[in-house]
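Asks: Read off the chains here:
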Amino acid sequence: MMKVVILNGNKEAAAFDEKLLIWAKQYPENDYEVEIIQLRDLNVKYCTGCWGCWVKTPGQCVFTDDSALVCKAMINADLVVFASPVKMGFVSSLLKKSMDKMIPLVHPYIEIVNGENHHQKRYEKYPELAVLLETDKNTDDEDIEIITNIFKRLALNFKSDLKFVKLLETSEVAQLTQK
Amino acid sequence: MKLTIINGSPRGKGSNTKILMEHFLKGYTSICMTDFNVSYLIHAKDLEQQVQLFKNSEYVILAFPLYTDAMPAIVMNFIEELEGIANLDVKPAIGFVVQSGFPEPYQSRFVERYLVKLSKRLNCEYLGTVIKGGVEGIQIMPESWTKKLFQSFFELGEHFGKTKEFHPDIIAKLAKNEKLSSSRLFVFNLMQKLGLANFYWNKKLKDNKAFERRFDRPYV
Numbered sequence: 357m358m359k360v361v362i363l364n365g366n367k368e369a370a371a372f373d374e375k376l377l378i379w380a381k382q383y384p385e386n387d388y389e390v391e392i393i394q395l396r397d398l399n400v401k402y403c404t405g406c407w408g409c410w411v412k413t414p415g416q417c418v419f420t421d422d423s424a425l426v427c428k429a430m431i432n433a434d435l436v437v438f439a440s441p442v443k444m445g446f447v448s449s450l451l452k453k454s455m456d457k458m459i460p461l462v463h464p465y466i467e468i469v470n471g472e473n474h475h476q477k478r479y480e481k482y483p484e485l486a487v488l489l490e491t492d493k494n495t496d497d498e499d500i501e502i503i504t505n506i507f508k509r510l511a512l513n514f515k516s517d518l519k520f521v522k523l524l525e526t527s528e529v530a531q532l533t534q535k
Numbered sequence: 160m161k162l163t164i165i166n167g168s169p170r171g172k173g174s175n176t177k178i179l180m181e182h183f184l185k186g187y188t189s190i191c192m193t194d195f196n197v198s199y200l201i202h203a204k205d206l207e208q209q210v211q212l213f214k215n216s217e218y219v220i221l222a223f224p225l226y227t228d229a230m231p232a233i234v235m236n237f238i239e240e241l242e243g244i245a246n247l248d249v250k251p252a253i254g255f256v257v258q259s260g261f262p263e264p265y266q267s268r269f270v271e272r273y274l275v276k277l278s279k280r281l282n283c284e285y286l287g288t289v290i291k292g293g294v295e296g297i298q299i300m301p302e303s304w305t306k307k308l309f310q311s312f313f314e315l316g317e318h319f320g321k322t323k324e325f326h327p328d329i330i331a332k333l334a335k336n337e338k339l340s341s342s343r344l345f346v347f348n349l350m351q352k353l354g355l356a357n358f359y360w361n362k363k364l365k366d367n368k369a370f371e372r373r374f375d376r377p378y379v
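Just so you know, the sequences run in chain order A and B. For reference, each letter of the first sequence is one residue, going 357 to 535 in this note's numbering. For reference, each letter of the second sequence is one residue, going 160 to 379 in this note's numbering.
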């Protein structure tokens, strides 16, 4: 059974949520366990940069909030999909807030990868990452490329690969909607 | 001219970003006296006011630490509020300062590209992005280690006061060694062998009596 966790970074209830539900149906129930986490319904505090998750309570944020739930779902998944409408050329601040709180999943110790400093693994295994976007009228190809490159870097820092970046309005979703 | 520094660090007034920008401002005010504002995005309740401040400035410098390969969420939250700026008749020119704990400027290049595009999106004149790696720890480093860094930020501010531009040579100096140089790599490997590479973390872990738990995996 493959575990897919979809982080819905949509800030307000909108058509995006519906489309996301339809998109998620491409993973057949027999082979996949799909969980959609509605980030806007969670209580996740902004990362304060205290690094307590590395040096005080290793592996956990020192503040009690729902980021623990997000981290737990993420590290136990095979694939994590970062889903968000694109606004101002990037994923939502709501999604970014949860991304900032994922650092307890790696270790503070440093290793060298491709001649760069990166954090060492904390866990044995990390999920593959993917990005699912809904563009707005001001989004262009360059924005998608910028987002893609930033998530490739995120995947590198989370000992993983970026499996795909997809747009919700492409034919794939349209086909699923017709079904 | 009116300059606004927007500090996007989640550590607010305790941030390394603040220290770097203080040195910038020392240089700047040696030319332009008191003609500036500083605002901290960590105070989210001031968001509307901060957007107004952005609109009413001639020059804005948005300074923040690299967070999971991009801007911290509080910075993105602010950027989302800037959507209407592009249509204004008068807009500030904007520049950026991105500092990281990782020593390599390379790690900040990806968000730099976003910032270039953001300036275009806002229809604002782009003043450039100053990138500085290896900033974590400056608050505990001996003065002799940070002297050059602080001097560079002073000069950056002084030049900005005179010309309203980031000096390209200072930008280049701050971002030298795009990735680890072979000598730095040699030193790192040596430290690793001697068990010293993690000294900083181990000390903090021990101070917090968390050393034995450092490899904990609470979520599996």
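It is possible that part of the hints are untrue.
Going by beta-carbon spacing under 8 Å, a handful of chain A positions derived as facing chain B [said to hold, decoys possible]:
| no. | residue |
| --- | --- |
| 1 | ALA371 |
| 2 | LYS412 |
| 3 | PHE419 |
| 4 | THR420 |
| 5 | ASP422 |
| 6 | CYS427 |
| 7 | LYS428 |
| 8 | ILE431 |
| 9 | LYS443 |
| 10 | GLY445 |
| 11 | MET455 |
| 12 | MET458 |
| 13 | VAL469 |
| 14 | ASN473 |
| 15 | GLU484 |
| 16 | LEU510 |
Since the hints were derived computationally from the structure, they do not count as laboratory data. The structure presented is a predicted model; accordingly, all values stated were derived computationally and were not measured. For each residue, glycine too, the CB sits at the ideal point set by N, CA and C.
Asks: Does each hint fit the structure? Answer for all of them.
Replies: Going through the hints against the structure:
1. ALA371: violated, 19 Å
2. LYS412: holds, 5 Å
3. PHE419: Interface hint status for PHE419(A): violated (12 Å vs cutoff 8 Å).
4. THR420: With a closest approach of 13 Å, the THR420(A) hint is violated.
5. ASP422: violated, 13 Å
6. CYS427: holds, 6 Å
7. LYS428: OK, holds: LYS428(A) within 8 Å of chain B, min 4 Å.
8. ILE431: Given a least distance of 5 Å, the restraint on ILE431(A) holds.
9. LYS443: holds, 6 Å
10. GLY445: Since the shortest Cβ distance to chain B is 6 Å, the answer is holds.
11. MET455: holds, 5 Å
12. MET458: holds, 7 Å
13. VAL469: violated, 11 Å
14. ASN473: holds, 5 Å
15. GLU484: With Cβ-Cβ at 17 Å, over 8 Å, it is violated.
16. LEU510: Holds. Min distance 5 Å.
The structure fails to meet hints 1, 3, 4, 5, 13, 15 from the earlier list, while all remaining hints are met.
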